[in-house]
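So the sequences go chain by chain: A and B. So the number in the numbering used here is just where the residue sits in the first sequence, counting from 1, plus 13. So the number in the numbering used here is just where the residue sits in the second sequence, counting from 1, plus 170.
Since the hints were made in silico from the structure, they are not lab data. Possibly wrong hints are sitting among the right ones.
To be verified - If you anchor each label on the Cβ, the simulated ranges turn out as follows: (1) B/G300 x A/M311: 32 to 42 angstroms; (2) B/L349 x A/S329: 54 to 64 angstroms; (3) A/E237 x B/H249: 30 to 40 angstroms; (4) A/Q244 x B/E191: 34 to 44 angstroms; (5) A/A337 x B/L349: 26 to 36 angstroms; (6) B/H249 x A/Q244: 45 to 55 angstroms; (7) A/N283 x B/P309: 35 to 45 angstroms; (8) B/G300 x A/E237: 30 to 40 angstroms.
Claimed, not checked - Part of the chain A face toward chain B, derived, beta carbon under 10 angstroms: (9) L98; (10) L99; (11) L175; (12) N177; (13) A181; (14) S184; (15) L185; (16) R234; (17) G236; (18) G274; (19) E285; (20) D289.
For glycine and all other residues, C-beta sits at the position ideal for the given N, C-alpha and C.
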Amino acid sequence: MQSIRQNDLPDALPDFRNLGVMSRILLSVNALALLIALARSREIGEFAARVTEIAGSLEPVLLGVVAVLYLGYALLERLAYVRGLLAVFGIVLAVTAAFFPFQPWVGGTREWQRELAWSLGYAMLGTGVVAWYFHLRNRAFSPAIAEARLQALQARIRPHFLFNSLNAVLSLIRKDPQRAEAALEDLAELFRTVMADNRKLIALRDELSLCRQYLNLEQLRLGERLRVQWQLDPTVEDALVPPMLLQPLVENAVYHGIEPGIAPGLIEVNIERRGDRLWLKLTNPYHEEYHHRQGNRMALANIQERLQLHFDVEASLDTRIADARFEIDIMMPYRTSL
Amino acid sequence: MTPLRVVIVDDEEPARNRLRELLEECREELPHSIAGEAANGVEGLQIAAASGAEVVLVDIQMPEMSGIEFARHLQVLEHPPAVIFVTAHDQYAVEAFEVNAVDYLTKPVRAARLLAALKKAANGARLSRGVLESIDPAPRRYLSAAERGRVTLVRVSEVIYLRAELKYVTARTRSREHLVEESLTQLEQEFGGVFVRIHRNCLVARRLIRGVERGAETEGEVGWSVVLEGLEEKLPVSRRQWPQVKSLVS
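With the rest of the complex left out, here is chain A:
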């Protein structure tokens, strides 16, 4: 996840285990190969033959490189950007050289030293272009990350919640000072998290405890009306998630699902692991006549954007309304280490 941690170094290697990064490498290198094929064809009929020729020798090398980068990412990630980049060049050259004896033209009439030099040259060129592309992409995304964070800060906790909570705490101070203290501690903790630098992934355990603190405060003012049911796989607490992933969703559930109802309402949170995926599902009562209440879309769009910044195409967020309940489904990679 080095690529999104931009505090001190503006450049970082992309996450080679990410499906989106892998597909970008494959696509851009193949696009480059097509350009080279086009440049080397003197007439249009020759183009197809050139493409086949290049693809035959390129694809095994390319797939090999992607596989080695995938496996070696844990080590590469620890290196500073320039060293990491040199290591990537080294890997590309080594893989190209390793595949060289199996290339179709070897043993032909051409001199093998010259052919090897050409292959390595192309490999360097391809790597350089892809590295340059990721460098530019990184740059383009940095302001977006800062912006998303800023937006998140604004959208996260509703002033409505803050003032109502303070009011509830005030009502406790004389009669039940201990509960008032606990509530203020929860409130402080909640705001500490909100105001922290929230760009690094955190353990789901921490996000869950944040949600519980938030719900304690809401319980204080909503009492019986607020009911919450948790269903968690025992292993999910170690999973890494973007901070403030769940809390804004729980807050939405209270605001849109519980507050508009006189009768008690139930919020259900289900989190489970299925293979290498983490599934989160949150449902709350849906009040059709209150659907105009503001702010829901904003929080959802914000979370969707952050999921995308962290996991690219490997995460998704969907919502639907079924049986008078509003449902949010989030799917993301299950990871326990960076």
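Fit chain B to the known structure of chain A by using the hints.
Just chain B now, kept in the frame of chain A:
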């Protein structure tokens, strides 16, 4: 001076407790008694009507009935109490209050502000219907009528038709009829999305229209009448409204 009768309406228990504490602090300077408390507008109206409340402290954001709608229904009482709105954070409402110079308190409430608002209310500051409508022009969820010291509330979604009689408008639901003291024109303006006019003296619920029948006799002419779900009676359509009704049916 007899103590001022105050009613508190807020859906959150801690918020009601807090207001009670603060009222306690104001008691010496402004004698008053707490005549009742309610957790929503529907109960609040009955309590305000039964206790003869003079001041109501009401939260704006409440389930089922907003504080603003609650204040509108209070106006059907013979002696409507003064209303002091309380809000945690409702930018839209606060702007509307400022524009209309309506007094309001923000949560957490301060005792000094509460006292000032109570004094103003004790001096007879009252809201007009017009001001309340301009604060929140959204259609109400209920119609209200005062009957012998009680407020009867009728859910707009349960009304089959509204028919103008001599002095009142009759709101017909499945089970009974209610008399509402509002003009049909006002009701048509507010609830145009829910009801459609079929006659000079009648609005019917759009979603309950099941069809039209020939045979109703109005002013000596045979015309059309509307068939409504849940109602045996057929309501005549005037010639003027016929094109509009026809386009709804087809």
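Problem - Pairwise beta carbon distance, B/L349 to A/S329, judged against the given window 54 to 64 angstroms - result: holds (56 angstroms)
Practice task
Against chain B, run the beta carbon of A/G236 and see if the smallest gap drops under 10 angstroms.
Solution key: Holds: closest Cβ of chain B sits about 6 angstroms from A/G236, inside 10 angstroms.
Problem - Whether the CB-CB distance between A/A337 and B/L349 falls inside 26 to 36 angstroms - result: holds (34 angstroms)
Practice task
Return holds or violated for the Cβ distance of A/E237 and B/H249 against the range 30 to 40 angstroms.
Solution key: Since A/E237 and B/H249 have Cβ atoms about 35 angstroms apart, the given range 30 to 40 angstroms holds.
Handout entry: Given hint A/G274 near chain B, where the shortest CB pair must fall under 10 angstroms
Key = holds (5 angstroms)
Problem - Interface hint for A/R234, Cβ within 10 angstroms of any Cβ on chain B - result: OK, holds: A/R234 within 10 angstroms of chain B, min 5 angstroms.
Practice task
Determine whether the Cβ-Cβ distance between A/N283 and B/P309 falls within the hinted range of 35 to 45 angstroms.
Solution key: Holds, at about 38 angstroms.
Handout entry: Residue hint A/E285, partner chain B, criterion CB-CB below 10 angstroms
Key = violated (32 angstroms)
Exercise for the section: May I ask you to test the interface hint for A/S184 with respect to chain B, counting a Cβ-Cβ separation under 10 angstroms as satisfied? Expected result: This interface hint holds because 4 angstroms falls under the 10 angstroms limit.
Practice task
Determine whether the Cβ-Cβ distance between B/G300 and A/E237 falls within the hinted range of 30 to 40 angstroms.
Solution key: For B/G300 and A/E237 the Cβ distance comes to about 38 angstroms; the hint holds.
Practice task
Closer than 10 angstroms between Cβ atoms is the bar; does A/L175 clear it against chain B? Give me holds or violated.
Solution key: holds (8 angstroms)
Problem - Closest C-beta approach of A/N177 to chain B relative to 10 angstroms, hint status - result: Check passed: Cβ of A/N177 comes within 4 angstroms of chain B, closer than 10 angstroms.
In the structure shown, a violation is registered for the earlier hints numbered 9, 10, 19 and 20, in ascending order.
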